[in-house]
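2 protein chains.
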Amino acid sequence: MSKLVIVGTVAFDAIETPFGKTDKILGGAATYIGLAAAQCDADSVIVSVVGGDFPQEYIDMLESKGINISGLEVVPEGKTFFWSGKYHNDMNSRDTLATELNVLESFSPVVPEAYKNAEVVMLGNLHPAVQLGVIEQMLDPKLIVLDTMNFWMDNTLKELLHVITKVDVIAINDEEARQLTGEYSLVTAARKIMTMGPDYVIIKKGEHGALLFHNDEVFYAPALPLEEVFDPTGAGDTFAGGFTGYLAKTGDYSFKNMKNAIIYGAVLASFCVERFGTERLQGLSRKEVYQRLKTFQNLTQFDIELT
Amino acid sequence: MSKLVIVGTVAFDAIETPFGKTDKILGGAATYIGLAAAQCDADSVIVSVVGGDFPQEYIDMLESKGINISGLEVVPEGKTFFWSGKYHNDMNSRDTLATELNVLESFSPVVPEAYKNAEVVMLGNLHPAVQLGVIEQMLDPKLIVLDTMNFWMDNTLKELLHVITKVDVIAINDEEARQLTGEYSLVTAARKIMTMGPDYVIIKKGEHGALLFHNDEVFYAPALPLEEVFDPTGAGDTFAGGFTGYLAKTGDYSFKNMKNAIIYGAVLASFCVERFGTERLQGLSRKEVYQRLKTFQNLTQFDIELT
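If you're matching them up, the sequences are chains A and B in order.
Just so we're aligned, residue 1 is where the first sequence starts under the working numbering, counting upward by one.
Just so we're aligned, residue 1 is where the second sequence starts under the working numbering, counting upward by one.
Everything labelled a hint here was simulated from the structure, so no lab data went into it.
Each hint should be verified, as a subset may be incorrect.
Stated by the list, open to error - Below are the DSBU-like pairs computed for lysine-lysine, each with C-alpha atoms no more than 35 Å apart in a straight line:
1) A:Lys192 / B:Lys86
2) A:Lys21 / B:Lys192
3) A:Lys142 / B:Lys294
4) B:Lys256 / A:Lys205
5) A:Lys21 / A:Lys287
6) B:Lys86 / B:Lys65
7) B:Lys294 / A:Lys205
8) B:Lys86 / A:Lys205
9) A:Lys205 / B:Lys205
10) A:Lys205 / B:Lys192
As the list claims (entries may be wrong) - Quick list of simulated restraints, FRET-style, between CB atoms:
11) A:Gly283 / B:Asn298: 33 to 39 Å
12) B:Phe151 / A:Leu161: 44 to 50 Å
13) A:Gly283 / B:Asn89: 41 to 47 Å
All C-beta atoms in this analysis are idealised placements derived from N, C-alpha and C, irrespective of residue type, glycine included.
Please model the entire structure based on the sequences and the hints provided.
Shown next as structure tokens:
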């Protein structure tokens with residue numbers, strides 16, 4: 001087992017979906033990534049920042065899941081990052097109602113000494129300069145995974161492209177892959193991204209699953225067909241957390257093992273969307289994860305005899 | 001091995017895509033279904049109608065593939081069904097430029113005596129009354145598969161719903177499933193359709209693959225991620241032809257074997273879209289099919305140890 005460094009937001013979210021709305025609840029990319037990685041029994045640390053308004057019980061909960069929070073800076077006089085969004089009826093698009101950066105504005109990540117030798121680094125969606133700052137503190141990382149979004153392509157493209165040269169895996173959604181490359185075909189887009197730095201490209205397609213590209217190979221992980229998606233918030237981060245958590249736990253970074261890791265990510269993401277925020281992930285049992293892995297096997301495995 | 005009865009159009013198509021346009025070429029649902037089923041070595045017959053303008057060389061080609069054409073009526077004084085369409089840039093939508101029913105207008109299907117005992121029936125997209133006419137001629141079918149489209153939902157819903165009560169499998173696309181049920185969730189839509197008659201529901205999602213539902217089980221067949229789709233015409237019919245051809249060839253109508261059948265359908269559809277019309281299917285070798293089945297294995301199979 002190797003260690004996993006997670007950088008990303010730890011935040012308050014207020015979410016509205018056709019099924020209801022929440023007050024300020026626990027959210028943030030690093031939170032979802034950490035909770036998902038914890039399901040894989042990964043030895044992970046969260047590198048992030050919160051304000052004095054962040055409840056101790058949230059910190060306790062993260063610790064109780066086995067997540068190391070020694071990299072979680074608390075700024076007593078500051079306020080925690082806050083995001084608020086409203087999903088449309090089809091759940092595939094949303095409006096951001098509020099984004100208050102607060103303590104994130106002057107965030108300078110510090111990787112705890114005990115985790116500088118981690119083999120796996122998950123760079124959650126953040127300013128590319130912050131992501132770069134984490135990479136530079138690592139001693140000998142074996143696998144750096146990057147998440148990002150269109151906002152950074154629009155506003156900090158040069159810095160983002162520099163970070164992209166330094167990572168092994170990029171995980172972005174289909175529209176972001178198209179924006180980054182100017183290519184409509186996801187196969188062509190993935191090829192182009194592989195020339196920018198990463199050896200592996202994950203393209204997330206929401207309810208249509210995710211594709212993993214490496215050289216001329218492709219692997220496809222479906223999303224579990226669901227009767228209803230209650231709240232999609234954090235699904236992509238949960239996916240990334242399952243992916244990196246499984247890889248860190250197994251210490252095997254081969255393409256073959258990445259297939260398993262991506263299935264783990266898809267399995268955990270399928271739980272995430274069943275309740276608001278992190279509720280489902282917090283209450284998730286190993287038995288449920290095991291049973292859903294079985295469901296994913298039944299969903300995708302066939303046995304045509306190729307003679 | 002059991003026999004397969006295919007009913008559907010045999011037609012002229014004129015197709016325009018961003019990559020080019022064709023004159024009148026060979027098309028029609030039954031043509032694609034038959035060519036795909038032939039790749040599975042199914043013993044199939046096409047029940048359809050063409051006009052005196054239909055070239056003998058097309059008929060010869062179908063026969064050379066091992067497709068029985070004793071159910072293909074030729075109306076010497078009539079004209080063959082003609083469809084013309086133009087695809088938009090994203091290839092996911094198209095405009096119909098012309099539809100000339102011609103001999104199809106008065107088509108009364110006759111299943112040849114030698115095929116009335118067939119176990120598998122593939123009802124290609126046609127007027128529900130014609131589909132019903134075929135069902136009524138069958139002696140003891142084991143598996144009736146129905147394709148249809150929004151046009152029949154709009155114009156002949158009552159007759160369509162009657163046919164739906166008589167089939168075992170329905171294969172429609174996502175938008176059609178939503179229209180038929182009024183449900184946005186495909187899982188909910190599939191459940192609702194299973195109460196209308198069919199025990200199995202296939203929902204085709206184009207480039208996002210296809211889902212097979214049966215009771216509470218789901219199987220997902222991806223579409224092969226392609227750099228470019230040259231011409232999507234006939235992909236759904238090819239998929240249906242691979243599905244029913246494989247089932248007829250193996251004579252095993254279990255849910256487990258349907259998973260294999262759906263993969264066969266997806267494999268053959270992935271070839272269909274590589275060239276205009278039936279060109280790719282006509283020239284397809286067994287070796288190519290075998291290799292692409294391997295590709296689909298690599299695309300979807302993983303080996304997480306569930307202890």
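Structure-based check of each hint:
no.	hint	result
1	A:Lys192 / B:Lys86	holds (29 Å)
2	A:Lys21 / B:Lys192	holds (29 Å)
3	A:Lys142 / B:Lys294	holds (30 Å)
4	B:Lys256 / A:Lys205	holds (27 Å)
5	A:Lys21 / A:Lys287	holds (29 Å)
6	B:Lys86 / B:Lys65	holds (29 Å)
7	B:Lys294 / A:Lys205	holds (24 Å)
8	B:Lys86 / A:Lys205	holds (27 Å)
9	A:Lys205 / B:Lys205	holds (13 Å)
10	A:Lys205 / B:Lys192	holds (26 Å)
11	A:Gly283 / B:Asn298: 33 to 39 Å	holds (36 Å)
12	B:Phe151 / A:Leu161: 44 to 50 Å	holds (48 Å)
13	A:Gly283 / B:Asn89: 41 to 47 Å	holds (46 Å)
Checked against the numbered hints above, the structure breaks none of them.
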